Structure formats: C-alpha cells, structure tokens
Amino acid sequence: MRQVIRAWACLAVTALLAGGMASAQSQAPSVGHNEVLIRNGTILTVTHGTIKNGSVYIKDGKIAAVGANVTAPPSAKVIDATGKFVMPGIIDAHSHIALRDDINEATSPVTPHMMMLDAFDYTDRNIYYTLAGGVTTSLLLHGSANMVGGQSIVIKHKYGLGRDQLLFPSAPRSIKFASGENPKRVYGSRQQLPSTRMGNFAVQRQALAEAQDYMREWEQYDAKVKGGDKDAKPPKRDLKLEALADLMRGKMFVHNHCYRADEFLTEIAMAKEFGYTLRSFEHALEAYKVADQIAAAGIGISTFADWWGYKEEAWDAIPWNAVIAMRHGVNVAIKSDSDDFARRLNQEAAKTIRYGGATEDEALKMVTLNAAWNVGVQDRVGSLDVGKDADITIWNAHPLSIYALVDMVLIDGDVFFDRSLPGLGTPYYKEGQ
Amino acid sequence: MKRALGLALALMVATGSAAGQKSAKPAAAPGAIVLRGGRILTVSHGVIENGAVVMENGKITAVGAAGSVAVPKGAQIVDVRGMTVYPGLIDSESRLGLTEISAEQMTNDYIEPSDEIFPHLHVWEAFHAESQLIPVTRVNGITNAIVAAGETDTLPGQSSFIQLEGQSAKDMLLVRDIALPLNFTGEQRRNDSWEKAKFPFTRMGVAAQLRQAFIDARDYQRKWADYEKKKSEPPQEEKKDDKKDEKKGPPTPPKRDLKLEALVPYLDGKKPIVLAAEEPGDIETALELAKEFNLRVILNHVEHANKLLDMIAASKLPVIIGPIYARPKEGERYDSVYRMPAELQKRGVKLAFASYDAHQSRNLPYAAGYAVAFGLPYDEALKAITLNAAEIWGLGDQLGSLDVGKTANVVVATGDPLDPKTDVKQVYIQGRAVSMETRQTRLRDQYMK
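Going down the list, the protein sequences come from chains A and B.
For any residue, its number in the numbering used here is found by taking its place in the first sequence, counting from 1, and adding 25.
For any residue, its number in the numbering used here is found by taking its place in the second sequence, counting from 1, and adding 5.
Treat the hints as calculated values from the structure; they're not laboratory data.
Being a predicted model, the structure only gives us computed values, none of them experimental.
Where is the CB? At the ideal position from N, CA and C, for every residue including glycine.
Hints should not be assumed to be uniformly reliable.
[What the hints assert, rightly or not] Selected chain A positions facing chain B (in silico; Cβ < 8 Å): (1) 192; (2) 314; (3) 376.
[What the hints assert, rightly or not] Computed list of lysine-lysine pairs in BS3-like fashion (alpha-carbon distance at most 25 Å, straight line): (4) B:175 / B:64; (5) B:260 / B:236; (6) B:235 / B:201; (7) B:296 / A:455; (8) A:455 / B:334; (9) B:334 / B:351.
[Said to hold, decoys possible] Calculated Cβ distances over 10 Å to all of chain B for the following chain A residues: (10) 151; (11) 206; (12) 214; (13) 238; (14) 239; (15) 251; (16) 258; (17) 334; (18) 344; (19) 372; (20) 426.
Could you build the full structure based on these sequences and the hints that come with them?
What follows is the structure in structure tokens.
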C-alpha cells in the first residue's frame, strides 16, 4: 500500500517538474484572452465602494474599466458574475510558503545576503491551496531567527507556470529584520550572542555600523575613480555589508518582526540612527499600546487577527489590535504567516468587524490594499481601479462571510483557478501531465 | 498531636464537601432569568423566531414563543430582541487548562514524553482552573469542552469533560475520566533520528506495544477476578493430604499496577476510547485492534479517509472530524479535507468538531461554518458543536440543546454563531450570567481610550 503511494507520489513529482520545465522553456507569457469582461457582479472595489450589478473590463492584463456601465468589444471573453462578488486578489503580506522549509539560515544572527529566491519552489502545492483561497500575491520572507535576516521575494500565484513567471515584476526589494524572543532563543540556546534583548540590538547596531564603514570605503573609492585616480583599488566586496549598504542607500526597506511595545520604539530609533526605511512591523501584537508612535513614523503593521499566547511576547495580544492601530492611523494588514491561514485570510479579515467594528471596506483593505502597501506594490495591485493589474477574485457569496467560496481567480487578466473545472481547477497546472 | 491534625483535616474536608453540595442546592442557585424576544436556535426542535428561554435553578424550565412562555415570579427579564440565542457550544477536544504560554515549557502539562503508554495519567490532575485561556474561550460561547492530553503518545492519559466556569477545578470538572485517547497517526513513533531511536520506531512497533498493553490488562483483570472470587468463597475444609500450610489463609491480592488497572474500564466497554487516525491504512489497523479487544470507539480526525467513507459509515461509529484545515494529500484537490464533514454526514455519520487547541479554541464554531460552505447542512454543523457532541460524550440528556430540563448553558449573540462577524453578548452557564471580562478585554479597555 505504502509502496504504491510512494511510487505514485514520485510520478506526480516528475510530472510536476516536467510541466514546470516545459512552461519555463516556452518563454512567452501565457495569454488566454487579452480582453475579459466580468459582468453583472457585486463589485467590491475596496477604494471607491461597492458597485451592485457592476462590471470589470480587463485589457492586456490590466483593469481598463470598472463600473455600473462598462462596455467591452464583442471579442472580449465574458465571465458572468451574476449573483457573485468580485474583489481584488488577496495579498498575503507575510508568508513562508514555497521555500522548502529553508526559511531560517539560523547559523548567524546577521545574514542579509540570504536571497529567498534561491530557495523558492514555484511548484509548491501551497501556492495552489492559497490561490484557491483567493490569494494572488504573497510576500515570502526570511524567518525570524536572525536580527538581520535575508531578502524577500514577492510572488504572484500563477500556479503551473515557470519560476520567473511567478515573480512579481519590479516589486521593491526588502529585507527581514527580527527582534525579541526568537533571536534570543536561537542563539541563547547555544550560549552565543545574542541571548538577551540588549544583545539583540547590539548585534543589529554593530552590523549596521560595519555597513556604514563599508559604504564609506566604497564612496571614497568611487570619488577617487571619478577624480581620475587610475590606481585606486576597489575595496573587497562583502555580500553581507553590501546588502546592508543597499538598505541604507534606500534601495531596500525593512519588514521588522517585532512584538513588544518597547521594541517598536527602539527599532524606530535605530532606523532613524542609521537612515533606513522601516516599511512594516511584522506580527506587531502590541501595536495597540504605541499606535500613535507607529503611525507617526509612517510604518505599517502586518498582524494576526486573533492569535495570541503562543509565547511570552504574544501574551498581551488582543484581537482588537488591528482596529485600534488602524483608528490611530496605522496602515494595518492581516497576514497569515501560515500555509493554513493563508487559505482563508478573508475569514481572518472578517474578525476585525467583530473585534473593534471595522467596516466591510476596512476589513477587506486589510487583506488587499493595506497589505499591498506593506509589501510596496500598492500602485500595482490591491484594489479594483483602472490601470492596476487585473488580479481579481470572484466569490459565490460576500467574501467576509464564512460561507463564501472562491469561484475564480484571475491574475494579470488570466484565469489561474476555476472551481467549476474538474480535477484541481487549475487551467495552467494539470495533474499528471 | 499528629492525630489531632489529621482529624481536623478530615473535618475540613467533610465541611468542604458539604458546602459544595449546598451550593448545588436550589437555595444557592441564581434567580430565574427569562431571555425574551430573540431568535432561538433550539438545535433539537428547530428555530423559534421571537421566542423565549426561561432559566431557573441552573436548568432550562421553558422554551417557546415569547408570548406563550410563562414568566416565573420575580424573574429577571432580559430583552434579547434582534439577538440569536443558542445552546452553549461544546469543543470535543481541547488542551484548555493544560497550557498557558505554548513556548514556555513550564506552563505546559499536556504530554509525558518518556513513554507511550500512559492510561493511568489523568488530565484533571493537571487541569488549571485559573487559566486565562478559559474566560477568553468562554466569552465566544463555548461553555463545555473535552480536555485531552497531547497526541504524541499512543495512550497519553484519560480526558476530562469540563464546564468553562466555576470557582475551582472541582466545579469545572464535570466528568473527570470520561474517555481514553488512543492515537495511531504515526506521530507516536520514536523515529526522530537514528541517534535517538527507541522502541516503537515503526507503526508495527506502536501496534505491538498497544496490543501487549491490552493483553496484559486483560490478564491483570483476570488475576483480580480470580482473587475476588477466591476471597468471596467460604474457607475450604482442610484437605487431609494438603501439606502446605499457607493455603489455609486468605488469598493474597495481586500486586496493583496502575497502568493496567486504568485500562480495565475500557476493556469492559464502560468508557469510550477516542481512536485517532488520519490515513486510511492507520484507520483500518487501529479499528482492527479496537475490535480485537472489544473497545468502545469514538473515531477522531480521519481527515484523509476519503477512501473509507462507506466503511466508516457502516461502522456506525461517531466521528470527531478534523481539523478540517489539515492540508490535502499530494494530488488531491484543495477542498478534499474541507469536504470530509459533508461526505461523512451524507452517509449518516454522527459528527462533532474540535478545536484541538487551547488559545484558538474560541474559533471552534468557524470550523463548523466553513464545513457548511463545503456542503455540510447548516443544522448538522450546529449540532456537531452542540447536541451531537453532548450525545457522543454521554451527556445528551443534560447538554447540547435548548430543551426543558437541560443545564442552562445559553449564549446570546448578535447573529449566526458560525460566522466570525457575530459578536457574543452574554453567556449563561448553569443559568448564571458569567463575566464577559477577560485578560484581553481588560487590556483593550486600558488602551482603547
């Protein structure tokens, strides 16, 4: 019995690889229909209200029109959304799927030269499961073992296509930082630095200071070259310091894993001291205690709806956190950090209505536009607005209902999941082919 | 001196239990409360729009249309118009009271890792009544739960059935040893590495170890039965050719063995085994084993049993299904596990849901709700966290529906209990309005200003 299963599993894997390679070789992007009309649905634009009996017209992968009276050429493929709900694709602003468990290079607390792309498994089934839950974009982050982790990638869930076709084109570069218990636990258990929060911040500051020196060396060298010094010797390249230098040059920003109120403030001060951009606090379960300061610093949070108590620094977590922070002006996203919850982020968003009284639009924004902002792709995705990528989900009921199922997912105007199809429901991925 | 102290203690215990009994008497019970004007989900006999529920002395004394229910003298009338009223929810497997902060090992009491066979462990002896997790769970309408040990031991200890409210563990532990989990999911193998390898390294080992335990328990049972029999027999006449003097005295009792002793009620079918398996092969192996020893079985998990749906239905065994959030098997459609409750119910299987958690136990109703999205009829989903659960645990006459004579565990909420947007306004346990304050609401109130 087991042997049979294993043999079958091997076949499936082989097929998967073959399929992936084939699509990678056929370089040309997949284009089903370059014109699509989603008609007569309830359109949840997220930015400009709900349109009953509305339509979305898609041309060349972009949203070309949204409204109650949208016209499209007869050549457009029509998707009838009568009785259905149409919303932007869900964006998971904190995920570790598709990395083959290579999430933490937990051998040194400073590893900014780790590239998540090097571990990316574009055939991971979790890309499919979450796609079927309405997710079109995910931010794949390094783990939180290190104060300074690795560099993220942003993917679109085009399950069945080749690796590079899943990468979000020109998404901003970002790096994961982490503070608090995790680095302490990982290195403390080995009797190494850092074992305390003092240690954590010292390690972080030391790395940034070294990178400042490195940056200066290169600036001096560049100045020499510019001044015509032909004998100028370039400094030795150091991938670690180069990554942090890029951070301080403004070429990247930081997603900072952080739980405790005091640590948000320390991290904000550290970013100011070294002149880099903190884009978002990850988890941020105590954001409600210092929401004004986080808002004033212009930093978003990517948080859980109601997770708590799994460790000491999560003990003060409350499910009202997201809405309290939002009311203080913080850009709040609800994220998964889980291959399970990523499949039903709409339900997690719905909890913010109950805990704190978010409006439906506010709740939806937390898994779409706000999440897009935290990832840095808010001009491209996250709402149904003209000019944005046609990353769209169609639901059989209001997506904030527990009874809602995803009927269809379009990414760049192309259907990547259709519940009505037999098998997996994935037009670009065929089991066993 | 020592004796006096002992006596004093005995007295204290005696008065203590007397006081305990007293508090359960009608005299100390809360006054009558009438919830009037709400949408009543009785679970057992449909929905009553604009209905009323009367609670007296900890019990439900009337359920019906708001106009037709008699209001007892002096009753407190609570206007619940616009609200939905339903029985307290039951979580069929939790770790409530066995953990506080997951990553802090000193706050965890749910698994004994040194061995696999621990039928003589009782979770009620570790149950922490003051856990902050209990009020957090309770205010979402969960009034009762199974507290079970972790699943990485084959027989991890006996489960308790609790009520999520009480002055002490004594009040909360409604049934101390209600069932024994038997876990056969592969997780019980000690095969983490070659270096740390120990028996049982394989499923064969797990099964053999389990079989041996039940055989030993049967022998043990027989030894004690023989002893009891001998003890009750009248002393025999001395036989003339009997040379051994020691045979004349009373029989010596066998040496007590707590492990084997604990298995006896389960061998006798007096209490159920909660048989956890996920894969088809494991389910069949474990069921055969249970049959071999005539165990009374409640099935648990079975989330990958797509190939055994009819077999499970034919067994007539009740099933705690889930977690429905388990990831599908390689090659399966995304909804293959989400659909399991509907597939089993369609075939007549009695279902219950469980959180399998402590911090997230409050989210139990949403698993039921999501199963509805994948085809489980709504009424059946609600039953699976109320009446079915009560019946499976042998408490169907006391809990699980809004019926006269049952314990007054009642929830008042803003709407559908299965939808996360619904806010729970008030929970009643044994006819008392319980505090809706938790550690979390206190922090909220402190910072929400």
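Hints versus structure:
Because the beta carbon of residue 192 of chain A sits about 23 Å from the nearest beta carbon in chain B, more than 8 Å, this interface hint is broken. Satisfaction of the interface hint for residue 314 of chain A is found here, the shortest Cβ-Cβ separation to chain B being roughly 6 Å, below the 8 Å cut-off. Taking 8 Å as the C-beta cut-off, the interface hint given for residue 376 of chain A holds, the closest approach to chain B being about 5 Å. The hinted pair formed by residue 175 of chain B and residue 64 of chain B meets the criterion: a straight-line CA distance of about 20 Å does not exceed 25 Å.
Among the hinted pairs, residue 260 of chain B with residue 236 of chain B is consistent with the structure: their alpha-carbon atoms are about 15 Å apart, no more than 25 Å. With a C-alpha separation of about 47 Å, the suggested pairing of residue 235 of chain B with residue 201 of chain B is violated against the 25 Å cut-off. Taking the CA atoms of residue 296 of chain B and residue 455 of chain A, the gap is near 42 Å; set against the 25 Å cutoff, the hint is violated. The hinted pair formed by residue 455 of chain A and residue 334 of chain B meets the criterion: a straight-line CA distance of about 16 Å does not exceed 25 Å.
Restraint check for residue 334 of chain B and residue 351 of chain B: the C-alpha separation of about 22 Å stays at or below 25 Å, so the hint holds. Separation of residue 151 of chain A from chain B is inadequate, the least Cβ-Cβ distance of about 8 Å not exceeding the 10 Å criterion. For residue 206 of chain A, the requirement that its beta carbon stay farther than 10 Å from each beta carbon of chain B is not met, with the minimum near 7 Å. With a minimum CB-CB distance of about 12 Å to chain B, residue 214 of chain A clears the 10 Å threshold, and the non-interface call stands.
At the 10 Å boundary, the C-beta of residue 238 of chain A stays outside the reach of chain B, the nearest C-beta of that chain being 37 Å off. No beta-carbon of chain B is positioned within 10 Å of the beta-carbon of residue 239 of chain A; the least distance is around 36 Å. Listed as outside the interface, residue 251 of chain A is consistent with that label: its C-beta sits roughly 53 Å from the nearest C-beta of chain B, beyond the 10 Å cut-off. No Cβ of chain B comes within 10 Å of the Cβ of residue 258 of chain A; the nearest lies about 50 Å off, and the non-interface call holds.
A cut-off of 10 Å between C-beta atoms contradicts the statement that residue 334 of chain A is not in contact with chain B; the least separation is 4 Å. With a least CB separation of 7 Å from chain B, residue 344 of chain A falls inside the 10 Å interface cut-off, contrary to its annotation. The non-interface label for residue 372 of chain A is inconsistent with chain B: the shortest C-beta to C-beta separation is roughly 6 Å, within 10 Å. The claim that residue 426 of chain A lies off the interface is violated: its Cβ sits roughly 7 Å from the closest Cβ of chain B, which falls inside the 10 Å cut-off.
Checked against the numbered hints listed earlier, the structure breaks hints 1, 6, 7, 10, 11, 17, 18, 19 and 20; every other hint is satisfied.
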